[in-house]
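Participant: Sequence:
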Amino acid sequence: RQGYEDPRWNYAAPTYGNDYAYWNFQGQPTAWQKERDLRQGEPYGTSYRDQHYYRGYHPNLVTPSPVQDRAAARAPGRNGEGMTPWAAPLGRAAALLERPSLLLQYRESGLSSSGYELSQYIRDDADRYEPGAGGPWSPVPAGRVSASTPAPLAPQKFLLPHVPVCFGAGGQLVLACPHFPAEGQLALVELHSLEAILHNTKEQEELQVFPGPLAREDLHKVDVMTFCQHKIATRCDLSTQRGRDSALLWKLLVLLCRQNGSMVGSDTAELLMQDCKRLEKYKRQNPVATATNSSDDEWRAHGLGTVDLLTGEVPPVVETLAQTVEKFTKLLYYGRKKEALDWAMRNQLWGHALFLSSKMDPRTYSWVLGGFTNTLAVNDPLQTFFQLMSGRVPQAAQCCGDAKWGDWRPHLAVMLSNKVGDAELNHRAIVTMGDTLAGRGLIEAAHFCYLMADIPFGYFGEKANRMALLGSSHRQAFAQFARTEIIQRMEILEYCQQLRQPRAFLLPFQVYKLIYASRLVDYGLPAQALHYCEKIATVVLEQGPASHPALTRQVMELAERLRLSDPLLLEMPDEDLALGPDWLAQLRAQCQQWEVR
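Reading the sequence shown from the start, the letters are residues 1 to 597 in the UniProt record's numbering.
For the record, the hints were derived by calculation from the structure and aren't laboratory data. All C-beta atoms, glycine included, are put in the ideal place defined by N, C-alpha and C. Heads up, a few of these hints could be off.
[What the hints assert, rightly or not] Distance windows between CB atoms, simulated:
(1) Thr-538 to Val-596: 20 to 30 Å
(2) Met-360 to Glu-326: 20 to 30 Å
(3) Val-596 to Arg-242: 46 to 56 Å
(4) Gly-441 to His-220: 28 to 38 Å
[Stated by the list, open to error] The calculated DSS-like cross-link candidates involving lysine-lysine, where the alpha carbons are at most 30 Å apart (straight line), are:
(5) Lys-404 to Lys-251
(6) Lys-535 to Lys-463
(7) Lys-404 to Lys-419
(8) Lys-327 to Lys-359
(9) Lys-202 to Lys-535
(10) Lys-251 to Lys-419
(11) Lys-337 to Lys-327
(12) Lys-463 to Lys-251
(13) Lys-337 to Lys-359
(14) Lys-330 to Lys-359
(15) Lys-251 to Lys-202
(16) Lys-251 to Lys-221
(17) Lys-327 to Lys-338
(18) Lys-404 to Lys-202
(19) Lys-535 to Lys-221
(20) Lys-419 to Lys-359
(21) Lys-202 to Lys-221
Turn these sequences into a full structure, and let the hints guide you.
Facilitator: This is the structure in structure tokens:
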């Protein structure tokens with residue numbers, strides 16, 4: 001090796017074998033040099049595994065194989081014939097000298113070391129690296145020599161022309177047709193209306209048929225009532241329990257619209273009983289025998305032909321009501337009040353029995369009253385009435401919704417039409433019924449009860465709230481919870497409250513109005529969506545941005561994108577066109593003031 005001045009960085013990368021051979025200054029194990037001369041005819045060397053690793057993953061750090069050493073020698077021979085012991089190392093050294101260093105390659109290519117390595121890993125199919133191919137590295141691929149503009153080293157993102165697509169805020173779909181910019185072709189941009197593309201779709205028709213946004217001064221309530229009745233006829237299956245409950249909510253909204261947002265308990269009770277096609281036949285029970293009254297066998301013992309020991313007469317066969325009352329009267333003739341009381345209770349003379357017991361002691365009156373209520377069926381609405389009048393939460397409020405208990409509506413009608421003096425008891429009974437129905441999965445029925453008890457609406461994330469949207473459970477997935485029909489029904493309820501109080505609004509519902517406005521934009525209805533933003537901004541400006549800062553900013557951002565969809569802006573001067581409508585300017589100013597504070 002005399003006469004060569006090889007820098008250390010031009011040495012071939014060392015390979016690590018399993019033995020502990022030491023390395024000489026040429027970068028090869030001293031113990032392997034003689035073995036290499038004896039195996040020059042073999043296709044693979046001792047360190048094939050390591051050389052294959054470097055050749056496959058880093059082609060510039062590969063130790064030349066014996067085949068490459070023989071190709072670099074001046075007089076190659078097969079199986080080592082005619083070669084001197086120093087021919088292979090000399091040929092390899094000459095090849096290393098001809099190959100530029102890594103730093104020089106990075107500098108000439110203009111890439112960093114990591115960028116150059118990445119260009120070696122990611123190549124086109126035509127430039128794929130082949131381990132057997134030799135030759136010096138060049139940044140310009142073979143066959144693509146260009147004197148002015150060098151070919152890019154990084155692969156193209158798109159091999160063929162494609163179509164970029166984006167959605168505009170004005171309800172357009174923007175397409176850039178495929179073209180070849182390198183050949184001087186200009187891009188053809190197409191604007192399509194989303195309203196026309198999505199025409200006759202179910203979702204768009206559901207949005208277009210709704211007369212929103214609902215405003216007291218812009219809309220007649222007949223249009224809202226017509227929409228509710230259309231929903232009852234097309235969306236409610238009256239053959240199912242859930243369909244009847246959903247129709248009941250729509251009918252309640254119709255009633256509120258008709259009466260300008262006000263109603264009383266008797267109006268609601270009439271609405272509840274309209275859906276009951278027929279009153280259920282509640283089976284009455286026979287009076288329960290107690291220690292104070294006689295059993296049936298004892299009364300049969302005094303049947304036909306038995307002489308009464310007190311009067312000495314044969315009692316007649318009781319067949320008519322008049323004869324029953326006559327027997328009751330005769331017992332009172334002789335002062336036998338307890339026997340008369342038992343006779344009246346056994347023959348369903350509850351009016352006589354209750355009046356007589358009320359003139360006796362309180363314990364007897366309670367006993368007769370309990371005997372009367374025990375004759376009623378457990379699910380009879382009269383049971384609910386008497387239990388409520390007695391100052392207790394009715395049993396129906398804790399057991400309704402079950403098939404054994406029948407319909408829940410007559411029980412609620414009784415509680416709404418016959419409120420006791422204790423308002424807290426009435427409220428607790430109705431809320432308990434709503435909780436029971438909600439626990440059985442009857443969400444629409446439960447929300448009807450909550451509306452009667454004036455339960456406020458909450459938010460989706462707070463599971464402790466009983467309601468977030470009317471007729472939808474906030475314990476399910478949000479996509480199923482905030483359906484378009486549910487938001488529309490909730491907006492009608494807010495409109496009905498505004499008929500009674502013009503400045504009334506539901507603050508938690510404004511978030512869902514914004515979601516509804518976004519859906520209008522998605523289906524190509526930007527003007528209607530901007531009108532919703534205006535209604536939300538009116539509520540937010542009254543409350544102040546600090547109450548809902550995130551909602552305020554999102555409404556402002558959506559309105560900024562949709563402001564050119566307002567037809568009133570076409571009549572404004574050019575200097576006012578950039579500011580937008582007055583409500584948007586006020587909303588923007590309050591947002592800035594709040595951010596500064």
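Participant: Which of the listed hints are broken here?
Facilitator: Hint check: 18 fails alone, others pass.
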